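Number of protein chains: 2
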Amino acid sequence: MEAATWILFTLGVSLILAKIGDSLVERFELPGVLGELLVGIILGNLVYFGVISSEYLPITAGSSEVIDFMAKLGVVFLLFLGALDTDLNLIKRTGITAVVSTILGVFVPLILGYLGLRWLGYDNKEAFAGGVLLTATSIGLTVRVMMDLGVLRSEVGAASLSASVIDDFLGIALIIFAVGSGSLLGLGIKIIIFFLITGVVGWYFIDHYLKFAERLGVEKGVLGFVLGMMLIFSALAEGWFAAAIEGAFMMGLILSKTAEGKRLLEEVRSIGYGFLIPIFFVHTGAMLNFKVFENLEAIKLAVVLSVIAIVGKVAGRGFGAWITAWGRGKDFLFTRENFRMSFQMGIGSIPRTEVALVALMVAIHGGAISPDDAPKFIAATLIFITISVLITPPLLKWAFREEILAQKKLLLENRKEKIESKKRGTR
Amino acid sequence: MEAATWILFTLGVSLILAKIGDSLVERFELPGVLGELLVGIILGNLVYFGVISSEYLPITAGSSEVIDFMAKLGVVFLLFLGALDTDLNLIKRTGITAVVSTILGVFVPLILGYLGLRWLGYDNKEAFAGGVLLTATSIGLTVRVMMDLGVLRSEVGAASLSASVIDDFLGIALIIFAVGSGSLLGLGIKIIIFFLITGVVGWYFIDHYLKFAERLGVEKGVLGFVLGMMLIFSALAEGWFAAAIEGAFMMGLILSKTAEGKRLLEEVRSIGYGFLIPIFFVHTGAMLNFKVFENLEAIKLAVVLSVIAIVGKVAGRGFGAWITAWGRGKDFLFTRENFRMSFQMGIGSIPRTEVALVALMVAIHGGAISPDDAPKFIAATLIFITISVLITPPLLKWAFREEILAQKKLLLENRKEKIESKKRGTR
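Taken in order, these protein sequences are the chains called U and W. Note that the numbering used here has the first sequence beginning at -14, numbered continuously upward. Note that the numbering used here has the second sequence beginning at -14, numbered continuously upward.
One thing to keep in mind: the hints can contain errors.
List time: in silico DSSO-like cross-link candidates among lysine-lysine, alpha-carbon distance up to 30 Å [what the hints assert, rightly or not]:
(1) U:Lys196 - U:Lys242
(2) W:Lys196 - U:Lys382
(3) W:Lys401 - U:Lys401
(4) W:Lys401 - U:Lys196
(5) W:Lys196 - U:Lys393
These aren't lab readings, by the way, just hints derived from the structure by calculation. Because the structure is a prediction, the values reported are computed rather than measured.
Looking at chain U on its own, in the form it has when it is part of the complex (with noise of 0.2 Å):
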């Protein structure tokens, strides 16, 4: 068979088996998405591990430049989705917090990082680079794991999300500024333009654009207009500072104070969920090789590492969190429901996936790793990866288990109120 072949296989087969441990994971009461990563793991490893040849499965990482397409696709619809499910006026209150967490939260894990190996023995710049490794955020899985728990549309859900996305600017930056490849003064100018173009050109325009999309009086006209207006807002922030998920979010986050885009997001939901989003976990699953455990050497870098990845997230942005009080002023610094707030805020950053390893690629290939330190560093890099994946969906559903809880109580409590009901009603 040819290799179009097996991709279709594939793409079967891991939407499939992806709503399989999708319920399995749910019934240990852990947000489902696990399960598409543990799936996409098991696929992932039965090729890594010889059992299967990856032409059958090209769902692994790199094999097939069709399936990271339809990956990239599911996190760009994930961003979308997470962007036009939120409430505008969380976004904008929750402004203030979602850029100091930011901030702390990239450069604690830098400083403690470049600290650490120092430490360990590695050079300056090499240490530097490392922590750069640390920065980026991969928002994906949180904005997925708060969906699967129904926390994405609270305060924190919306400064977690605005949060990730300053998140990435950043790290980009610190990327070429490790590498000093590139104009730091050209990125800022470029992300200006962006927004400038996205925000002012879709801010303004899109009732006008939807309105015209309504006219043309055509089948899903609507739908398609908004998804092609969404992939070319994707392209240019691919194409401007290489996040695509960006454009996709702006684009969400304009659409969402239209009442079309609340009336779309159920289709939207459909190619998302019932789709695309699957198959882009499955696919993050299948990049962790645990071939990497293999490596003694590597695995020392990795604890020190992943250690700093996961403290270090944590402390710097749940203390930048905690700072702004969430804008309530300073009677609100010191409650149990600020910090509580402010933990869930750093526990959701801790995953990093991609992004840390196109930093990774960009300090080996920008000689800011020597190429004798390089397959340390690689193989560090999944294990953090892989640690950071794994621990985020339980963490977070410990975290935020008083809102979970809560929930909980008010279903049983509107079940009580029906059942009641009826029997008076009966009566």
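Following the hints, position chain W against chain U.
Relative to chain U, chain W alone:
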């Protein structure tokens, strides 16, 4: 910008322009799909005539593996949707008509094509290969036009759908026969096994499968399961006889008998019409390179092939449908209704696209068409593809004018009744 970025961009632009094209063409009371094809033709020829580099518009034929795959997903979803939306009883009832009309619809253009090319002076082998090029209908366009016109759920629609599936098998068998490269027996066995697996497994286990999916209790679980199986069926069909759409068609048919299938229809429409199907038609349009009209030698060949392609197919399939009298016995044979329905069936079999190109390439590589004549055949094939694709939508619309009028009348009457019942209500 990188290639993947321009793919995102192309997808976005194609989607928006497709919907605009849809709407413009519908203003002239033509089926919307023609607008999507025209958008594709314009984009494609901007590239072919050197106005834009193909790098920026990878929607054009063969310039991107990813786009090719997305377009294939589009036609897979289209056939899935077509079968899902069909009344299974109609398919069963029109089975004989489909089989007989397909066989005649394949052999009449084959024989006429052979005779035509002999008359033009080509040798036996090339004349036969030329005839084979004319055999396989490209069902996608017809399904889409019938959906646009709202006549897919008619007897003619159901018969056209099943006819075109048989059509593909015959076309592939003929290509194998023409180049003598594969075993017809082997192909036959494969097709039987395919139908056994998809038929038996699908048919008898679909209820258990759907119940299992529902019991998982995860978001969009049933949709994911259904799409997953549809993709696996497509992979099977593609791997065994190079026609993924047959797998999607079978899954759609199997699902159409279930209540879940009908419930999923709207979600599949969102994915299809909102995203993937327009990509397929813009991509198909972009295949039609107007530069082929520069080759005068080829035009002569193309004129003969085009005339035979259209007349042979309409006459062959039409006559085949006519003699079966749509299963209504001899009394129906000479009714105006029988002539009309059979003629509609014939018109629906005109479009040729990718299967003709595949047959052409197999014939050239297999030596059935000599290297000297190959460029002429390629150009001529592209020309008759262009013509068949562009004339089918208006022709179908014309052939179905009475049904469309009747629909309009019904709509008007319903509206009148509503207004009158309102009047009565206010009195």
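Within 30 Å, alpha carbon to alpha carbon, are Lys196 (chain U) and Lys242 (chain U)? 14 Å, holds
Run the distance test for Lys401 (chain W) versus Lys401 (chain U): straight-line Cα separation, threshold 30 Å.
47 Å, violated
task: Take the C-alpha atoms of Lys401 (chain W) and Lys196 (chain U), compute the straight-line distance between them, and say whether it is at most 30 Å.
output: 29 Å, holds
query: Is the straight-line distance between the alpha-carbon of Lys196 (chain W) and that of Lys382 (chain U) 30 Å or less?
result: 29 Å, holds
(message) Next pair to validate is Lys196 (chain W) with Lys393 (chain U); report whether the Cα-Cα distance is within 30 Å.
(response) With a Cα-Cα distance of about 26 Å, the restraint between Lys196 (chain W) and Lys393 (chain U) holds, given a limit of 30 Å.
Of the numbered hints stated above, the single one contradicted by the structure is hint 3.
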